[in-house]
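**Student:** Residues per chain are reported as follows:
Protein chains: 2
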Amino acid sequence: MSMANTFTAGMLAIGDELLSGRTKDKNIGRLAEMLVLAGIDLKEVRIVSDEQDAIVEALNALRARYTYVFTSGGIGPTHDDITADAVSAAFGVACIHDPDAMTLLAEMYARRGMEFSEARKRMARMPEGSRHIANPVSTAPGFIIGNVHVMAGVPSVFEAMLDNVIPTLEGGAKLLSVTVPCPFGEGDIGTPLAAVQKNHPATSIGSYPQFDGVKFSTELVIRGREMIAIDAAKADVEDMITSIAMDKEQKAQEIGGQVA
Amino acid sequence: MSMANTFTAGMLAIGDELLSGRTKDKNIGRLAEMLVLAGIDLKEVRIVSDEQDAIVEALNALRARYTYVFTSGGIGPTHDDITADAVSAAFGVACIHDPDAMTLLAEMYARRGMEFSEARKRMARMPEGSRHIANPVSTAPGFIIGNVHVMAGVPSVFEAMLDNVIPTLEGGAKLLSVTVPCPFGEGDIGTPLAAVQKNHPATSIGSYPQFDGVKFSTELVIRGREMIAIDAAKADVEDMITSIAMDKEQKAQEIGGQVA
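Protein sequences appear in the order of chains G and D. Following this note's numbering, the numbering of the first sequence begins with 11 at its first residue and continues without gaps. Following this note's numbering, the numbering of the second sequence begins with 11 at its first residue and continues without gaps.
Excised from the complex, chain G in its bound form:
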């Protein structure tokens, strides 16, 4: 889209299980929806395995490029949960057992009468100087360092953490959108729609094909920061649809005339 927006985001989803097909990611779509509402453009997502070099490289690329970075996964208690180490390495700071997180977890396990094992203590590890992201579901906090927001991979926990993060973000203008139903398929509208898009650079026009089993139609979604720009594009889109309909009717009559 051609609209400028100061607020951009990248996401890094971490985990072998996402790349083996064992787990189908749900967090990308959730983050995408929430960022649209917050007026922040999600520009890029990367999924990498539980390998420190891969995480560090992707994280450094994303955090240099976008206003905000959000990660999911790899902050549990097992040996393959290495996100805290990798984020610390990316920022060049020590990975410590955060004292406040240790207290939170120790109290929680004491309440439940469970051992606060070495493995469980791993969940208190984060880069020195991080701030917490509260975890109302299972206590172990996410963390924020620089522009990077580190959250859990379990969707219910990711979602709860994200709900705590979103209100703290400085967002752009909210992205507005209008949907225009169109009775024609993409093959009919492609060329004229490109012309409409070109005349309305302050909007982003997407077409979403639909097939009811008999014929194709499309939903045209016009997005923008200002309703006046969207309305102007919408008027031209509606004129385009009318014009295509008239063309088709005329052709049908011509064919009818020849047959008659």
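Worth flagging that the hints you see were computed from the coordinates, not collected in a lab. Errors might be hidden in some of the hints.
The list cannot tell twin chains apart, which means a pair is met if one copy fits it or any two copies do.
What the hints assert, rightly or not - When the alpha-carbon atoms are kept at most 25 Å apart in a straight line, the in silico PhoX-like pairs for lysine-lysine are as follows: (1) Lys208 / Lys131; (2) Lys225 / Lys131; (3) Lys184 / Lys131; (4) Lys208 / Lys184.
No experiment lies behind these values; they were computed from the predicted model shown.
Could you slot chain D onto chain G? The hints should help.
**Tutor:** Below, chain D without anything else, positioned relative to chain G:
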């Protein structure tokens, strides 16, 4: 995972709609599953918007790094379908209306009595010198150039194209796996499991937490190229589970003894 594998893959999913949350991607999980079966390690996925610079940069990074690259999306008839242009730019070749694809599409639209419009002709565009990926669903072919396989974003078409591509790929040994059910949560097994993993570098041991509403358990999945390595790791994992169970029983008896 520490296992060497000559055959690796990266995926590039293209489309604003994936980053706005409007469409939830289904192709990444599908590709992941198929590549496991083919013995090819999917190492990285990137999702980018319909912007040529973003597509070119991600594609060039992935194709330099992995044996195979697979893309989804952006090969339809509308103005925002720019994958053919971007792939051509990445390879530094012309983007042409491929003559064979033009013939295929012209015949199909003639059969259906539909106009072969300029927009529809866009679907015949691909980098000069590409080979086709047959599309049994809706005719318009995907294409292969270098190590890059360009496929549609619509899941049914992506899947059909992928079915045609997979048998043509040279794969590694098939990845084998064994699942060991474990009655303990990740907090109990984290530390000893890390030790088992360290002793079995020819395997990759993943733990998948499960919660039945009362207590946590895990499924431990041991993956590897050779069953002898997996079996050795499995024996140690089973010993680990027995040892944790005995520890817990002993502690329970000690507490019982103190109370008595």
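**Student:** How do Lys184 and Lys131 come out at 25 Å by Cα distance, when the copy is not named: within, between, both, or neither?
**Tutor:** Neither: 40 Å inside a copy, 36 Å across copies.
**Student:** Is the C-alpha distance from Lys208 to Lys184 at most 25 Å within one copy, between copies, in both cases, or in neither?
**Tutor:** within (23 Å within a copy, 49 Å between copies)
**Student:** At most 25 Å between CA atoms: does that hold for Lys225 and Lys131 within a copy, between copies, both, or neither?
**Tutor:** Result: close only across copies, 19 Å inter versus 58 Å intra.
**Student:** Given identical chains, is Lys208 near Lys131, meaning Cα to Cα at most 25 Å, within a copy, between copies, both, or neither?
**Tutor:** between (56 Å within a copy, 20 Å between copies)
The earlier numbered hint that this structure contradicts is number 3, and it is the only one.
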